[in-house]
Amino acid sequence: MTKFFTKEHEWVEVVGEQATVGISEHAAHELGDITYVELPKIGKSVKQFDTLAAIESVKAASDIYAPLSGKVAEVNDALDEAPELVNQGAEAQGWICKLEGVDSAELSALMNAAAYAEYLKGL
Amino acid sequence: MGYCPNTPDDIRQMLEVIGASSVEELFAPIPAGLRAKSFDLPPGMSELELMRLMREKAASSGADITPFIGGGIYDHFIPAAVDHLASRAEFYTAYTPYQPECSQGTLQALYEYQSTICRLTGMEASNASLYDGGTAVAEAALMSLRITGRHKVLLDASVNPLHREIVNEYLHGLSAQAVEVAPQGCASDLKRLMDSIDDQTAAVIVQTPNCFGSVQDFRELANKAHEHDALLIVSCYPIALGLVASPGEMGADIAVGDGQSLGNHLSFGGPYFGFIATRKRFIRNLPGRIVGETIDHQGRRGYVLTLQAREQHIKRHKATSNICSNQSLCALRGLIFCAALGQKGFGELAALNYDKAQYAKTVLTSIKGVELLNSGATFNEFTLILPRDAAEVVQQLLDKGVAAGLPLGGYYPGMERALVVTVTEKRTKEEIDRLAVLLEEVLWS
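Sequence lines, in order, name chains V and L. Numbering-wise (my numbering), the first sequence opens with residue 1 and increments by one. Numbering-wise (my numbering), the second sequence opens with residue 124 and increments by one.
If you are wondering where the hints come from, they were derived from the structure by calculation, not from laboratory data. Any given hint could turn out to be false.
Said to hold, decoys possible - Listed next, the in silico DMTMM-like pairs over lysine to aspartate or glutamate satisfying Cα-Cα at most 20 Å (straight line):
| id | chain 1 | residue 1 | chain 2 | residue 2 |
| --- | --- | --- | --- | --- |
| 1 | V | LYS59 | L | GLU494 |
| 2 | L | LYS438 | V | GLU38 |
| 3 | V | LYS71 | V | GLU25 |
| 4 | V | LYS41 | V | ASP63 |
| 5 | L | LYS438 | V | GLU74 |
| 6 | V | LYS98 | V | GLU118 |
| 7 | L | LYS441 | V | GLU8 |
| 8 | L | LYS441 | V | GLU81 |
| 9 | L | LYS403 | V | ASP77 |
| 10 | V | LYS98 | V | ASP63 |
| 11 | L | LYS403 | V | GLU81 |
| 12 | L | LYS314 | L | ASP340 |
| 13 | V | LYS41 | L | ASP321 |
| 14 | L | LYS438 | V | ASP103 |
| 15 | V | LYS47 | V | ASP103 |
| 16 | V | LYS41 | L | ASP163 |
| 17 | V | LYS41 | L | ASP478 |
It should be emphasised that the depicted structure is a prediction, and the values quoted were computed from it without experimental measurement.
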């Protein structure tokens, strides 16, 4: 499975018509200790790059944008009680939500891991 | 000495930029009747002359009117400790408690205030106060929109009419809607309220005691709202909570109210404070400041502003609300008032209010042609129906030194004969008897 990244530091991994979304390790590191993740409502429809969720850390509050268009099918409820999961594994157990009905053609607007690593060097 | 810092030349230049030919023309859009009649003030007075004038005014007949008016703001006794402690310079000088390292006293007082409000309302989380009762109701409505993502609230029309106006004003700009549900007699029309809740309803807003003085239980309404994932917002009168079920006990999701009755002087309309408290799970949607308890690096207890990521200075236009201040000093007075009374004293105060109002009810309704409108329980306020226009009667009684109550005609067309009478612990038996004698006199002689 391959992760794709946005310029706003979200990642997405598509399996069939479903996609898992989170924030990148880099973003989690930059934000510092995550204190709260405002999860989207299940059933919410978003367009690519719309606001999807929000995340708060001891340093800042930021929006999380949808890397792909779709409908929220599942959210990572564990983050309600343990937002630090994002710091422990932003690209693994710290996932934010799953979108359904995604169109993988939209991935062309995103970066693969190598391109994202290159992009981070330029920041 | 002129009090206007602008020179004639400044004024001319400013008018030129605006394109008005004179100050008169600038103010022309304001209807003549609403404009100041004159700015010809008398010459200044010496301090001695001024003291004499103020003493004369304080002793004039208008100053010792006995008030039986409530309607949201109440004439309660304020222990001397409240004025004394709240006037201490330590509290006056600590304005905005951003920095815990130099504001522990203020922060601790606000933390204790929040704990007190939670105990009173039966809720789990309170903010550090809002501006007043009306804006607190409106903030609760906005909070329900944020939590549910819906755009409609049901507003019981027996909620204070001034507060309803503020709710409507706040929702107006947000393409959200407040649907008013008319009361039945003096009480909320619970059946209609429950039937009106649907899956688009963010919250139901009710008040107890309501603006007719009726005390109601909203447990069933809370359940019905929750069935539709809507919230129940209960506006309450804090002194009554010494006697009646709290919003928390009734299953409310947000409790709000005006805190004036807790140790704040009437002061011709303000400043007062509003309170708002909610369930723990909604704490991130609370507007305004919240003080939290923590420990420092040496393990000592300390207080800080907490959950600030909700607020404007961090979240900018996406903040939970544009409230970025509170009413610290008024809230502090509320806290000192509650602490001075204690739980037992608070209960006794509520009982005194209830008992005196019950006595007044009996005496006043024994007057020919005066009827009680409330069919159920009341606290320290009740609505009388007079044989003629209540506003006229109130005016006649004012001339005799008594403010008999709040006429409802201005707020509820068709209720011109209705008068809301309030009896706090400060009213003596003699004052209540005098009101009865004067009312009978005005009505029948």
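Taking the hints in turn, this is what the structure says about them:
Under the criterion of a C-alpha separation no larger than 20 Å, the hint pairing LYS59 (chain V) with GLU494 (chain L) is inconsistent with the structure, at around 62 Å. A distance of roughly 13 Å separates the Cα atoms of LYS438 (chain L) and GLU38 (chain V); the hinted pair therefore holds under the 20 Å criterion. Pair hint LYS71 (chain V) plus GLU25 (chain V) does not hold up; C-alpha atoms about 24 Å apart against a cutoff of 20 Å. Between the alpha carbons of LYS41 (chain V) and ASP63 (chain V) the distance comes to roughly 15 Å, so the proposed pair stays at or under 20 Å and holds.
Of the supplied pair hints, the one linking LYS438 (chain L) and GLU74 (chain V) is violated, its CA atoms being roughly 26 Å apart against a limit of 20 Å. At roughly 27 Å between alpha-carbon atoms, LYS98 (chain V) and GLU118 (chain V) are farther apart than 20 Å, so this suggested pair is violated. Restraint check for LYS441 (chain L) and GLU8 (chain V): satisfied, since their Cα atoms lie roughly 18 Å apart, inside the 20 Å limit. Distance hint between LYS441 (chain L) and GLU81 (chain V) is unfulfilled; the C-alpha atoms sit about 23 Å from each other, more than 20 Å.
In summary, the hint linking LYS403 (chain L) to ASP77 (chain V) is supported, as the alpha carbons are separated by about 17 Å, within the 20 Å threshold. Distance restraint check for LYS98 (chain V) and ASP63 (chain V): the Cα-Cα separation of roughly 17 Å lies within the 20 Å cut-off, and the hinted pair is therefore satisfied. Taking the CA atoms of LYS403 (chain L) and GLU81 (chain V), the gap is near 13 Å; set against the 20 Å cutoff, the hint holds. For the proposed pair LYS314 (chain L) and ASP340 (chain L), the alpha carbon gap of about 13 Å is at most 20 Å, so the pair holds.
About 19 Å separates the Cα atoms of LYS41 (chain V) and ASP321 (chain L), which keeps this hinted pair within 20 Å; it holds. Restraint check: the Cα-Cα separation between LYS438 (chain L) and ASP103 (chain V) comes to about 32 Å, which exceeds 20 Å; the hinted pair is violated. Restraint check for LYS47 (chain V) and ASP103 (chain V): the C-alpha separation of about 11 Å stays at or below 20 Å, so the hint holds. Taken as a hint, the LYS41 (chain V) and ASP163 (chain L) pair is broken in the structure, with Cα atoms around 62 Å apart against an allowance of 20 Å.
The straight-line distance between the Cα atoms of LYS41 (chain V) and ASP478 (chain L) is roughly 50 Å, outside the 20 Å bound, and the hint therefore fails.
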